Every structure is written in C-alpha cells, then in structure tokens.
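Novice: Generate coordinates for the entire structure from the input sequences, incorporating the hints supplied.
Taken in order, these protein sequences are the chains called A and B.
Count the first sequence with the numbering used here and you get residues 140 to 383, in order.
Count the second sequence with the numbering used here and you get residues 4 to 249, in order.
Keep in mind the hints are simulated off the structure, nothing from the lab.
All values derive from a computational prediction rather than experimental measurement.
Treat the hints loosely; a few may be bogus.
Said to hold, decoys possible - The following label-pair restraints were derived from C-beta to C-beta distances:
no., chain 1, residue 1, chain 2, residue 2, range
1, B, R161, A, E224, 16 to 24 Å
2, B, L233, A, E310, 44 to 52 Å
3, A, K217, B, L106, 52 to 60 Å
Said to hold, decoys possible - In silico contact screen, one side only, chain B against chain A (beta carbon under 8 Å); selected entries:
no., residue
4, M148
5, V151
6, M154
7, P246
In this text, a Cβ means the ideal position worked out from N, Cα and C, and glycines have one as well.
Here is how the chains run, residue by residue.
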Amino acid sequence: MSPVGVPRQLEIKIARKAFRTTSGEVREVLRDFSTSLAAGKIHALVGPSGYGKTTLLRIVIGLDRDFEGTVTLPPGTKVGMVFQEPRLLPWRSVLDNLRLAAPQAREADLVRIATDLGIAGHLRYFPGELSLGLARRVALARAFAVDPTLLVLDEPFVSLDKALAMRLGDELAMLVERTKVTTLLVTHDIDEAIRLVDHIMLLGGRPAKIAADFDIAFPRAAMTVDYAAKIKAEIGAVIAEAVA
Amino acid sequence: MLLRILSLLLLIAIWQVASMLAASRLLPEPLAVVDVMLREARSGALFFNLGVTLARVVISFGLAMFFGTLFGVLMGRSVTLDRLGDPWLVVLLNLPALVIIVLAYIWIGLTDTAAILAVALNKLPNATVTIREGARSLDAGLEEMATVFAMPWQTRLRHVLLPQLAPYVAAATRSGLSIVWKIVLVVELLGRSNGVGFEIGTAFQVFDVALLLAYALPFVGIMLAIETFLVQPFEQHVSRWRPKTA
Chain A
140 MSPVGVPRQL
150 EIKIARKAFR
160 TTSGEVREVL
170 RDFSTSLAAG
180 KIHALVGPSG
190 YGKTTLLRIV
200 IGLDRDFEGT
210 VTLPPGTKVG
220 MVFQEPRLLP
230 WRSVLDNLRL
240 AAPQAREADL
250 VRIATDLGIA
260 GHLRYFPGEL
270 SLGLARRVAL
280 ARAFAVDPTL
290 LVLDEPFVSL
300 DKALAMRLGD
310 ELAMLVERTK
320 VTTLLVTHDI
330 DEAIRLVDHI
340 MLLGGRPAKI
350 AADFDIAFPR
360 AAMTVDYAAK
370 IKAEIGAVIA
380 EAVA
Chain B
4 MLLRILSLLL
14 LIAIWQVASM
24 LAASRLLPEP
34 LAVVDVMLRE
44 ARSGALFFNL
54 GVTLARVVIS
64 FGLAMFFGTL
74 FGVLMGRSVT
84 LDRLGDPWLV
94 VLLNLPALVI
104 IVLAYIWIGL
114 TDTAAILAVA
124 LNKLPNATVT
134 IREGARSLDA
144 GLEEMATVFA
154 MPWQTRLRHV
164 LLPQLAPYVA
174 AATRSGLSIV
184 WKIVLVVELL
194 GRSNGVGFEI
204 GTAFQVFDVA
214 LLLAYALPFV
224 GIMLAIETFL
234 VQPFEQHVSR
244 WRPKTA
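Specialist: Rendered as structure tokens:
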C-alpha cells in the first residue's frame, strides 16, 4: 500500500511464482514481474503460450494466492472477467447468467449491454443452444454487466474466425472507451493487441518477465497503417533479439 | 402407456386364474382383496396406517438425503475428509439392515425415533456414495467464475452447485425411495404397533393373505404415484436445459 494517499493504479509486483510439477520438480514461471496499470486504459499482455500469461491473470484477480510478491488493487475494485472458455452456467438462460453475476444491475442495463454485443435476441436461450461466438459474447456481456472497475480478459477471442474476432474486438474497444474501465487483455495475437490497446507488455524469458513495454501513442481510431507497422516492427525486433 | 396398462391387466388376469385354480384362502381373488381394502378403508384403519408409514418414509428419506448430500459433497471435495469417512461408509454399507434396526431398538427403545433413525442410517451410505461421485466431478472452472464474480453462497449453492449435483440427487432419490419404504415395513414389523408393516405382521400371524395384500398393494400404488408425479417431473425440470437429442 502506498504511504501517500490511496493507489489509483493497479500495482503488480511478483518476485517469484513457481509450480511444483507432478514429477516433483519446481518450475519457475514468473520472476521479477513488476508493472503498474494506469486507470481507464487497455493494457495487453502479449507472449507465446506457456509463458505464464494466464497464471499472471489468476494472480491479479485473486484466484491464485500462492506466489511471492504483492498485487495492490485500487480500493473498491470490482472485477469483470472473461475466461478463455465462456464458463457460463449451462442450466440457466443467458439472461439469468447475466443476472446471477450482476444481481444489482437494472434489467434495462442488461438488455442494453446485450444489444451492444448483439445477443439481445438470445436472452431466453440456454448456453448449450449457442455457437461458440455467441457464448463468448455472453461471457463479455456478463463481465460488463457487473459494471466493473477492472476488466480482465484471457484470450477472449481465441478459436474464433478472424473476421468475427475482429468484430468482437471492436465491440470490446467501443465498450471500454465508453465505460472507461481499466482493462487487462491477454493475447498471443500481436496485431490484435496493436489494434485494440493503449499499452503492450511483451512477456519473454524463462522464467518470464516483461521483456519490453510499448505505449501506443495513437490507439484504436487514431491508429494509422504506418504507425501500426512501425510498432509491429519494434515488437518484432525485440522478439528477434530475445530468440537470438 | 397403453402397453403398460395392458401388461398390468394381464398380471391381474393371471392372478385371477391362479386363484380360481388354487381355490384356497392363501391366494384370494383380486376382488376379495378389494373387498378387504374397502372394509379397512371404511373403518379408517387403511388410511391411518398408510399415512403413518408414509410419514416414516418421508422423514427417514429426507434425513438420509440431507445428510447424504452434505457428507457426499464434503467427502467429494476434501481428500482428507474422504480418507476419514470412507472406512465408516464401508462399515455402514456392509452392515445388514436388520442389524442396524435391532441395535437401534435395543439402544434407543421401541420408539419412532429409533425406527426412523434405523431406516435413515440404512439409506445414508448409498446416498453419500452417489453424491460423492457427483461432487468429485464438479466443474472447477464454474467455481472460479463464481468466486471472481463474488457470488454470495446462496447463489453458488442454488445456481452453481446443486444443478451440477441434480442428476446424482435424482439417482439417489430413485434408488433411495424404493429401498427406504421396504426397510420401513421391516422396522414396523419388528417394533411398531401401527403402519403397513405392523398390519402385514398381524396378517402373517393369522395367514390372512387378503389383508396382507389389501395393505401392501395400495402402498405400492402410492410409491408408484410419487415416482411418476413427483420424481420424474423433477428430473425433467432440472434437465430441461440439456439440448434435446432428436
């Protein structure tokens, strides 16, 4: 906890996170991972599979407390989470799934969020009757329904076709712009990150830490093709160096 | 449905023919049994005894299911509790119903408390084992989701936990009801002075098969009605979200 005033930012300081494998050896996943996430911005955590991205998210939202270090959330933080799989309650309708996660939300707000994400016509369906794309939208809607101050997304568009992933990404960016919610997005898709976020953290090394930090000066609508290409080249250079 | 009724009618017809061939009071005709049933119904004894037995079934079944679900969930989720509780389960599972009943009557006395406790204890291990299977297959992902979204425990119980256990609860209910009502009759025969089991015991002493059937058959009917009008609709209700197979 910061001695001067209350922290407005999300502070992550992980000295060490290790797993014990079934064969008994200790595998270190993260070391000296330290960053602070500015409020109201979209932050991306980018890196290849197996570099502890999901582990880091689980630590941030408090599902994993077995680590050395501290995570300081601004007081009164309300988390909205989109897991890699939709994780909906299959025995409750889409609308009930939203209601149960956000009991204090007004019906009109739930319907508005559902409309924004194009699932207003599916509120009476059971999750088993939805395609994966629709189920992911419901998961997104549920995260927004709780009116979060911290939105956490773990590869929310993985295994969707490219066009649908881009459209959902745009819808997400639009909602975040409007609600000004601090967002932490995990992805292994560099193009997606450049297109959607304000701040990219590139994970690298074993155990992993932040290999490089990129602030996007012209995010989303302000993005130009040239600027995107420049950022991508910079990221590519860092990755090439890490591999060499 | 039609086929079921036909099959039932065939059974009654065979009974009728057999009783005519035997021509003995040890195998009365169906109509003679109905006569006794009506006589007992007019005196009120039939309804009283059916009601007493049904109450014992409901209470002991409810106790067994409640504690069976509780222990099953705890043992399914905690390895330590499972190791501690498993030997007890094995002992209870292999203790004959008769031993539990007699011990309960000896230790507690010939009371309803002893009767109900004995029946519940007989059913408890089966319910626990079935629910434990369900608790072992709970979806950890949904539990994490409930944690992250800070769902209160009532919501988690009703909307996350119990729907996952519902198929196992239904299975335990089905097997449980049929076991429980049979054991209740034995308990009544051995140590109570009312109920269907007691009446059957009385009938046995005077070899009155008509009286025996006049009590046994309506009770079979009641349990069949519970299964058809309560258990099956409940099962359909809790599985309504499953995509229908064409």
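Novice: Hint by hint, note whether the structure agrees.
Specialist: Hints, verified against the model:
Separated by about 23 Å at the C-beta atoms, B:R161 and A:E224 satisfy the suggested range of 16 to 24 Å. In this structure the hint that B:L233 and A:E310 lie 44 to 52 Å apart at CB holds, the actual value being about 46 Å. At roughly 56 Å, the beta carbons of A:K217 and B:L106 sit within the given window of 52 to 60 Å. For B:M148, the interface hint holds, since its Cβ comes within 8 Å of a Cβ in chain A; the closest pair sits about 4 Å apart.
A cut of 8 Å between beta carbons decides the hint on B:V151: the least distance to chain A is about 5 Å, and the hint holds. Given the 8 Å rule on beta carbons, the hint for B:M154 holds: about 7 Å separates it from the nearest Cβ of chain A. Because the beta carbon of B:P246 sits about 5 Å from the nearest beta carbon in chain A, less than 8 Å, this interface hint is met.
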